[in-house]
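Now for the letters of each chain:
There are 2 protein chains.
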Amino acid sequence: MTLDLRASSIDLTRSICDIRSVSGDERVLADEIQAALAGYDHLHVVRDGDCIVARTELGRDRRVIIAGHIDTVPVNDNLPTVFETIDAVDYLTGRGTVDMKAGVAVQLKLAAELVDPAVDITWMWYDNEEVASERNGLGRLARNHPELFAGDFAVLGEPTAGGVEGGCNGTLRVDVTTRGRRAHSARPWAGANAIHAAADVLGALARYQPREVEVDGLVYRESLNAVMISGGVAKNVIPDECVVHVNYRFAPSRSGDEAVQHVREVFDGFDVTVADLAPGARPGLDTPIAREFVAAVGGPVGPKYGWTDVARFSAMGVPAVNYGPGDPIKAHADDERVALDEITACEAGLRAWLRP
Amino acid sequence: MTLDLRASSIDLTRSICDIRSVSGDERVLADEIQAALAGYDHLHVVRDGDCIVARTELGRDRRVIIAGHIDTVPVNDNLPTVFETIDAVDYLTGRGTVDMKAGVAVQLKLAAELVDPAVDITWMWYDNEEVASERNGLGRLARNHPELFAGDFAVLGEPTAGGVEGGCNGTLRVDVTTRGRRAHSARPWAGANAIHAAADVLGALARYQPREVEVDGLVYRESLNAVMISGGVAKNVIPDECVVHVNYRFAPSRSGDEAVQHVREVFDGFDVTVADLAPGARPGLDTPIAREFVAAVGGPVGPKYGWTDVARFSAMGVPAVNYGPGDPIKAHADDERVALDEITACEAGLRAWLRP
Numbered sequence: 001m002t003l004d005l006r007a008s009s010i011d012l013t014r015s016i017c018d019i020r021s022v023s024g025d026e027r028v029l030a031d032e033i034q035a036a037l038a039g040y041d042h043l044h045v046v047r048d049g050d051c052i053v054a055r056t057e058l059g060r061d062r063r064v065i066i067a068g069h070i071d072t073v074p075v076n077d078n079l080p081t082v083f084e085t086i087d088a089v090d091y092l093t094g095r096g097t098v099d100m101k102a103g104v105a106v107q108l109k110l111a112a113e114l115v116d117p118a119v120d121i122t123w124m125w126y127d128n129e130e131v132a133s134e135r136n137g138l139g140r141l142a143r144n145h146p147e148l149f150a151g152d153f154a155v156l157g158e159p160t161a162g163g164v165e166g167g168c169n170g171t172l173r174v175d176v177t178t179r180g181r182r183a184h185s186a187r188p189w190a191g192a193n194a195i196h197a198a199a200d201v202l203g204a205l206a207r208y209q210p211r212e213v214e215v216d217g218l219v220y221r222e223s224l225n226a227v228m229i230s231g232g233v234a235k236n237v238i239p240d241e242c243v244v245h246v247n248y249r250f251a252p253s254r255s256g257d258e259a260v261q262h263v264r265e266v267f268d269g270f271d272v273t274v275a276d277l278a279p280g281a282r283p284g285l286d287t288p289i290a291r292e293f294v295a296a297v298g299g300p301v302g303p304k305y306g307w308t309d310v311a312r313f314s315a316m317g318v319p320a321v322n323y324g325p326g327d328p329i330k331a332h333a334d335d336e337r338v339a340l341d342e343i344t345a346c347e348a349g350l351r352a353w354l355r356p
Numbered sequence: 001m002t003l004d005l006r007a008s009s010i011d012l013t014r015s016i017c018d019i020r021s022v023s024g025d026e027r028v029l030a031d032e033i034q035a036a037l038a039g040y041d042h043l044h045v046v047r048d049g050d051c052i053v054a055r056t057e058l059g060r061d062r063r064v065i066i067a068g069h070i071d072t073v074p075v076n077d078n079l080p081t082v083f084e085t086i087d088a089v090d091y092l093t094g095r096g097t098v099d100m101k102a103g104v105a106v107q108l109k110l111a112a113e114l115v116d117p118a119v120d121i122t123w124m125w126y127d128n129e130e131v132a133s134e135r136n137g138l139g140r141l142a143r144n145h146p147e148l149f150a151g152d153f154a155v156l157g158e159p160t161a162g163g164v165e166g167g168c169n170g171t172l173r174v175d176v177t178t179r180g181r182r183a184h185s186a187r188p189w190a191g192a193n194a195i196h197a198a199a200d201v202l203g204a205l206a207r208y209q210p211r212e213v214e215v216d217g218l219v220y221r222e223s224l225n226a227v228m229i230s231g232g233v234a235k236n237v238i239p240d241e242c243v244v245h246v247n248y249r250f251a252p253s254r255s256g257d258e259a260v261q262h263v264r265e266v267f268d269g270f271d272v273t274v275a276d277l278a279p280g281a282r283p284g285l286d287t288p289i290a291r292e293f294v295a296a297v298g299g300p301v302g303p304k305y306g307w308t309d310v311a312r313f314s315a316m317g318v319p320a321v322n323y324g325p326g327d328p329i330k331a332h333a334d335d336e337r338v339a340l341d342e343i344t345a346c347e348a349g350l351r352a353w354l355r356p
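Protein sequences, first through last, are from chains W and C.
Counting from 1, one number per residue, gives the positions in the first sequence under this note's numbering.
Counting from 1, one number per residue, gives the positions in the second sequence under this note's numbering.
Because the hints were derived from the structure by calculation, they are not lab data.
Check before you lean on any hint, since a few could be wrong.
Said to hold, decoys possible - Take a look, some chain C residues computed to stay more than 10 Å from chain W by CB distance:
| id | residue |
| --- | --- |
| 1 | Ala7 |
| 2 | Arg27 |
| 3 | Val89 |
| 4 | Leu148 |
| 5 | Val213 |
| 6 | Ile238 |
| 7 | Leu340 |
Claimed, not checked - Only pairs whose alpha carbons sit at most 20 Å apart, straight line, appear in this in silico DMTMM-like list of lysine to aspartate or glutamate:
| id | chain 1 | residue 1 | chain 2 | residue 2 |
| --- | --- | --- | --- | --- |
| 8 | W | Lys235 | C | Asp175 |
| 9 | C | Lys330 | C | Asp90 |
| 10 | C | Lys235 | W | Glu130 |
| 11 | C | Lys235 | W | Asp175 |
| 12 | W | Lys235 | C | Glu130 |
| 13 | C | Lys235 | W | Glu134 |
| 14 | C | Lys235 | W | Asp276 |
| 15 | W | Lys235 | C | Glu134 |
| 16 | W | Lys330 | W | Asp87 |
| 17 | W | Lys330 | W | Asp18 |
| 18 | W | Lys330 | W | Asp90 |
C-beta: ideal position from N, C-alpha, C; glycine also.
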């Protein structure tokens, strides 16, 4: 079978979903995409591993990047796809329909169709988004081919139920560690209890009032949460160490360094070690091309709270937003399903923005 | 080799230590003890597994139980024993010298020697004290032969550096659990953080003022400590459960039920589940026979903070104390060693109490 990029975006979504491509196993789908694009002379195709880039080179004064990942989380008895109607809404149900092959299908269809778009377009379909960051295909592409990331604006087709989600919060994880001295629990006065010493760490978390921060017109909601806690060596030993693993989600107006500084202030007097830091991305909705995009696709505009690959574009100087079909609440769900209307609406929205 | 119960208590300690008897592997030593006792007609011997009981049956109006365990923690290149002199103190060094074969040697020597003691004596040497409670040989003997536990007073030869340690604290372990609701940590407001909810649990522990309680003239120091804490499901998920494992050591004047009630009050409003409960033992030093014992052996009298098998005697209605040679700080240590003077002092103390 070869993918037919002139099929409807709904049928194309189905075809793509039925080619399994769990992270690390995208080769077959990447080959299919590459083969399908070969017939379109207006696209210059570059392949890097299982990442396919297709560019128009029309000499337009502006260039946009439109990207989507082709991998999925593991299949759980939810392929091949089926069409379902639930409460009078028509859906395509199965792994990848929401996250994010419907978005990829719309992109592929428009890549083939738009031979003379209003702006130059760099289409990117990449591997390994659903796994550890170091395996991310978009990150690898940025290392191997940074020149391909030239652009004025980027759209990532992650599911947003057809709305526009601008930028994303940054995320910082730290270990807050308290220390004590071991002793037999029959004689605790000979030791010092590190778990008791963590009372003030949890107290600071429980009392913490997170900010809401407006960035480029969107309100980002911050948060500070313990996600893990562990301490203790045995049931009859006074513990000498307790580690609270804390996640700070911070507005994109705050730098990574500022986020670390803030967390150190919250836990002043405690041992704070940075475990992981990914700065956020400003929504980038204050440029003319972004305003044209929002006007063309319509729908609600809001902030993205979770960290997504838009931050990779932002870090390379390209403002980026998330825009794609599918309710994000169904991403990774066993009953993952996309409303057919959202696929065609997204197709129409992007076409309205990109057509000459 | 057969044990010679007429040897000095020091030589007998050495002989017993050099017969390895790590918990679960006491058979050879139990056989040796049984064989050595066979020549003494004033003793009626009962064997239960690797537990040996030897009783005088002289029709005295009072009976005391004197007991010791014959197992040790694992050997760590510290057998056979050696004599050492450190800072002008003579020691026998090696696994089991402190915990508690010196005590067993003194007991065996006196069992053989005292053919006409002032009181009837039930000697008990038992297996599997250093491992899980359900394997404990004294517990098994109590289930199989409760009649052997008739007595007015019991002495357990655990190392006390020659002092008398009366009774023991009880110990209660509970799980204090907080619950929340999972959510992605990018949208924590959709969930409820169970680790944050544990702030008040740790706060209560940090503020807790433990009691000091006088029981039968001895002051018991209580304590309440978190020994383990765990919570969290993944680094990007708001945790829905946090469990604090708490150990309450309580004076023997408080019953197990009262201890549970007290802990429930401390953690009022939280889910408290009892994991393990072992009531303490009153020192039992207010009876005439106990006062005679203390007067005979001399030395300091204090409370025992850790739970020991004296509580098994106490639970069967027999007041019990710990009294034996060896510094408890050296129990289980790789350089385990007993001062020779403590062995002979303990022998003299028990003889002074028991002789006609």
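Checking one constraint from the list: CA of Lys235 of chain W to CA of Glu134 of chain C, max 20 Å. Satisfied?
OK: Lys235 of chain W and Glu134 of chain C at ~17 Å, within 20 Å.
Has the given pair, Lys235 of chain C with Glu134 of chain W, been kept, meaning a C-alpha gap of at most 20 Å?
With a Cα-Cα distance of about 17 Å, the restraint between Lys235 of chain C and Glu134 of chain W holds, given a limit of 20 Å.
Would Ala7 of chain C pass as off the interface with chain W, using Cβ distances and a cut of 10 Å?
About 35 Å separates Ala7 of chain C from the closest Cβ of chain W, which puts it past 10 Å; holds.
Tell me if the straight-line CA distance from Lys330 of chain C to Asp90 of chain C falls inside 20 Å.
holds (15 Å)
Non-interface claim for Leu340 of chain C, where every Cβ of chain W lies beyond 10 Å:
The claim holds: Leu340 of chain C sits with its nearest Cβ about 27 Å from chain W, beyond 10 Å.
Is Lys330 of chain W within 20 Å of Asp18 of chain W, Cα to Cα?
holds (18 Å)
Taken at face value, is the distance from the CA of Asp175 of chain W to the CA of Lys235 of chain C at most 20 Å?
With a Cα-Cα distance of about 11 Å, the restraint between Lys235 of chain C and Asp175 of chain W holds, given a limit of 20 Å.
Assess, step by step, whether the Cα of Lys330 of chain W is no farther than 20 Å from the Cα of Asp90 of chain W, and give holds or violated.
Given pair Lys330 of chain W, Asp90 of chain W holds - Cα atoms ~15 Å apart, limit 20 Å.
Please work out if Lys235 of chain W and Glu130 of chain C have their alpha carbons no farther apart than 20 Å.
Holds - the C-alpha atoms of Glu130 of chain C and Lys235 of chain W are around 15 Å apart, at most 20 Å.
Hey, does Arg27 of chain C actually stay past 10 Å from chain W on C-beta?
Non-interface label stands for Arg27 of chain C: nearest chain W Cβ at 28 Å, farther than 10 Å.
Per the stated criterion, does the least C-beta distance between Leu148 of chain C and chain W lie above 10 Å, as a non-interface residue requires?
Holds: least Cβ distance 28 Å, greater than 10 Å.
Is Lys235 of chain W close enough to Asp175 of chain C, meaning Cα to Cα at most 20 Å?
Cα-Cα ~11 Å, so holds.
Comparing the model with each numbered hint stated earlier shows that hint 6 is the single one that does not hold.
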